[in-house]
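Peer 1: Fit chain B to the given chain A structure using the hints.
Heads up: the protein sequence lines correspond to chains A and B, in order. If you count by numbering that gives the first Met the number 0, then the first sequence holds residues 0 to 453, one letter each, in order. If you count by numbering that gives the first Met the number 0, then the second sequence holds residues 0 to 453, one letter each, in order.
Please note that the accuracy of each hint is not assured.
As the list claims (entries may be wrong) - Restricting the straight-line Cα-Cα distance to at most 20 Å, the calculated cross-link-like pairs of lysine-lysine (PhoX-like) are: (1) LYS83/A to LYS303/A; (2) LYS252/B to LYS176/B; (3) LYS252/A to LYS222/A; (4) LYS54/B to LYS313/B; (5) LYS53/A to LYS307/A; (6) LYS431/B to LYS252/A; (7) LYS387/A to LYS313/B; (8) LYS252/B to LYS414/A; (9) LYS57/B to LYS25/B; (10) LYS313/A to LYS279/A; (11) LYS83/B to LYS39/B; (12) LYS222/B to LYS252/B; (13) LYS234/A to LYS307/A; (14) LYS409/A to LYS299/B; (15) LYS83/A to LYS54/A; (16) LYS252/A to LYS414/B; (17) LYS409/B to LYS387/A; (18) LYS57/A to LYS83/A; (19) LYS409/B to LYS387/B; (20) LYS414/A to LYS387/B; (21) LYS414/B to LYS431/A; (22) LYS307/B to LYS234/B.
What the hints assert, rightly or not - Beyond 10 Å from chain A on every Cβ pair, some chain B residues (computed): (23) GLU70; (24) GLY208; (25) LYS228; (26) GLU239; (27) GLU276; (28) GLU291; (29) ILE395; (30) LEU399; (31) ALA441.
I should point out that these hints are in silico values taken from the structure, not numbers from a laboratory. Where is the CB? At the ideal position from N, CA and C, for every residue including glycine.
2 protein chains.
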Amino acid sequence: MANISIIGAGSVVFSTSFIRDLCVTKSLWGSKITLMDISKDRLSMIHNLAVRYKKETKADLKIETTTNRREALEDADFVLCTVKVGGYQPMEMERKIAERYGYYRGIGDRVCDYYGGFGAYHQLKFFLDLARDMEDTCPDAWLIETANPVFEGTTLISRETRIKVIGVCHGHLGYEKIAETLGLSLEDVSVEIAGFNHCVWMTRFLYRGRNAYPLLDEWIEKKAEKYWKSEEFLKGLPWETEQMSPAAVDMYKQFGLFPIGDTIRSVSPWWYHVDLETKKRWFGPTGGFDSEIGWSIYLKHREKRLRKMQDLYKDSSAPLTREFPPVMSGEQHIPLIDSIANDREAILQLNIPNRGVISGIPDDVVVEIPTVVSGRGVQGIHIGELPKRLMLYVMIPRMLRMERILQAFKDGDRKSLVLMLMDDPRTESYEKTYALVEELLAQPWNTEAADHYR
Amino acid sequence: MANISIIGAGSVVFSTSFIRDLCVTKSLWGSKITLMDISKDRLSMIHNLAVRYKKETKADLKIETTTNRREALEDADFVLCTVKVGGYQPMEMERKIAERYGYYRGIGDRVCDYYGGFGAYHQLKFFLDLARDMEDTCPDAWLIETANPVFEGTTLISRETRIKVIGVCHGHLGYEKIAETLGLSLEDVSVEIAGFNHCVWMTRFLYRGRNAYPLLDEWIEKKAEKYWKSEEFLKGLPWETEQMSPAAVDMYKQFGLFPIGDTIRSVSPWWYHVDLETKKRWFGPTGGFDSEIGWSIYLKHREKRLRKMQDLYKDSSAPLTREFPPVMSGEQHIPLIDSIANDREAILQLNIPNRGVISGIPDDVVVEIPTVVSGRGVQGIHIGELPKRLMLYVMIPRMLRMERILQAFKDGDRKSLVLMLMDDPRTESYEKTYALVEELLAQPWNTEAADHYR
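Just chain A, same shape as in the assembly (with noise of 0.2 Å):
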């Protein structure tokens, strides 16, 4: 039992899982379940929605709606925070401004920490906010973090606050399609993953208790150049075929690693990104998920997902556990309050601080490891060294990119935000990307990121 917040309830896809997985879960039955968003339709729907799944599967949770935050937050022992600020729509439009200025698909095209517009500023905001009322009216709290960045948010949660923050992805369930594509079945599979969020890597992987990684070699040697021949491949949603694509294969060959899940498109080699022809080579014919084909697929889905959830909503006669059976959806988030709450060990993959985990990452660094979670709280489980060559040019970039974003963030340091593009490959002078610059917080949705950054 446990009173648990859920701010951005709007999100449909995660609210869905959530509701889903609570029903589900019968020893966190009796909980307290708060939908918070600030949007009243999206929150008559869900509600709508959570009530009668919660009947149908005869659950046993109070379910309420607010949309003051703060009241939200009264009381709450988990607080899972899914919340886009303003949407997808700017993000579009500064694609289209940076375009102008010579970067395809725009400065954040591979949405690796762009979420929340230029500099990822509203999400940062959002999400300090948050904590910073946590501190207030829940300081106990555990603040459960799905939105993006998972990476920088998590990081500056955890150092800027008292909070306890723990960030969850879905990503590294990526190692089902190769267990998958390798005719592996996931009962005889174990793997173990780890970097930063949407930059992890498949440090072991087994078959049988035993040494698994010959048996891709032997894939990607013998059977991989066939498979991006299948219709499978070519015909796939680039969210599933990037696991095996060639992308991913080149980056294992590159840093030692199999990447994992949202890895392959946000963390690849500029080079592979340079046109749309180019990421077709090493994605597939979508080009992957964030070229201009792969992302308007996302775009599509997304709104046939919110479509469905509005007829379902519409007709209240609609059986909801038939489009939802009443099993567990994958997601993490309600194993873990249930882990928590009831101390129920158990393994899960989450971000938290490194503490030692992974070698060479300072302490105070979010990182997406394996954890031992129960009553005592979330534990990593340690990793040790990644090799060499990962660090160097991966991991090391990455968690600098991180540290500029904060930087810039922390001090609203306008200086930063050029220098951190002058170091983007497709950058030509520092005149235009100062342009630039200017011209995306001269932008009406940017008049307080504007003003924050000096």
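Peer 2: This is chain B only, laid out in the frame that chain A set:
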């Protein structure tokens, strides 16, 4: 009194200052100086000049020569390394090759880590061999490393061997030019300078005990433009005018501390260096030390100095003290030896492992800092935090470059050599850069390196 071995004594400039300072430093009289070089001609010349200078100054020194390195190390208390393996010719040839691939002035164009050819291989290999020989022959001797790359070299030796290594450079003396330009007499000025070798910054600047940065700011605001139009700036030698160039002033504005000495060429932003015209805008009419103009001026100066030494060598009646007056040269090597050997406390600017002196830099990375030297050894004077933007955009990237060079060297990792170049803003494609690396390693002077990097 000490046994001092100079390895690479054929380096005319260094040897001259060493001999001169030794003859002036009476507390070191009675010492044995062993001049070692593989070139017998150079060795004869230096030996002749040293003996004559000793006679003229009536210094009590025992001067010996050898072409055998291990012989030179026997009984040594101090080993001075000034070796440049293979001279400058291969570097110039490699530059030409790289220019064909679109790298204006070559891939080591700012000479920050390039000494010793591609990946600094020849120098690093020599340094390590020398330190290993010392472990066998004179394990308690101090290695005074003044050959470049000092940053990579001293970090490598201090990590890989048990030899006490100290890096010595004179670049920090650039602050004298600042004082001179501002019209401040040197006796009234004191400074604190810190960073990595060829990447040092004036962390304090005092005039008569008070902060003199405001005087510098005033000069920038009111007098810089006029200075940049003066004969002194427009006709000056590049290594003399860089210190107060538009480049130095802009770096100060970007990063918050004034850059000192070689820093201005070595770690200035890439966009100062895209072509000769741009270099001229930032560094003055020569385009700075590393432009085609500046570098050829430097090479001519070197030749001229060598010819002068050869003339003095031939004319055995020429009084050397007229050319080189018997006063301290300003180099720190002999004062350092004097301080340790005779337990005379001195404050010197040296390169030693960080061990907490500069915040945010690992203990095993060599930093250039003010130190207290005495019979106790060399102890860093605490610096603390550098400005954040300086750390994130200059110090950490420079450190990362060092780590990449050392990793490539230690692991003989050709992939890393390619990846390193992929981060160069001039790089066009992976294929092209890969081909460049292959072509460089195929050169006759790189046979050993090609075998090393696999």
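Peer 1: Any hints from earlier that this structure breaks? Give me their numbers in increasing order, please.
Peer 2: 7, 10, 13, 14, 15, 18, 19, 21, 22, 29, 30
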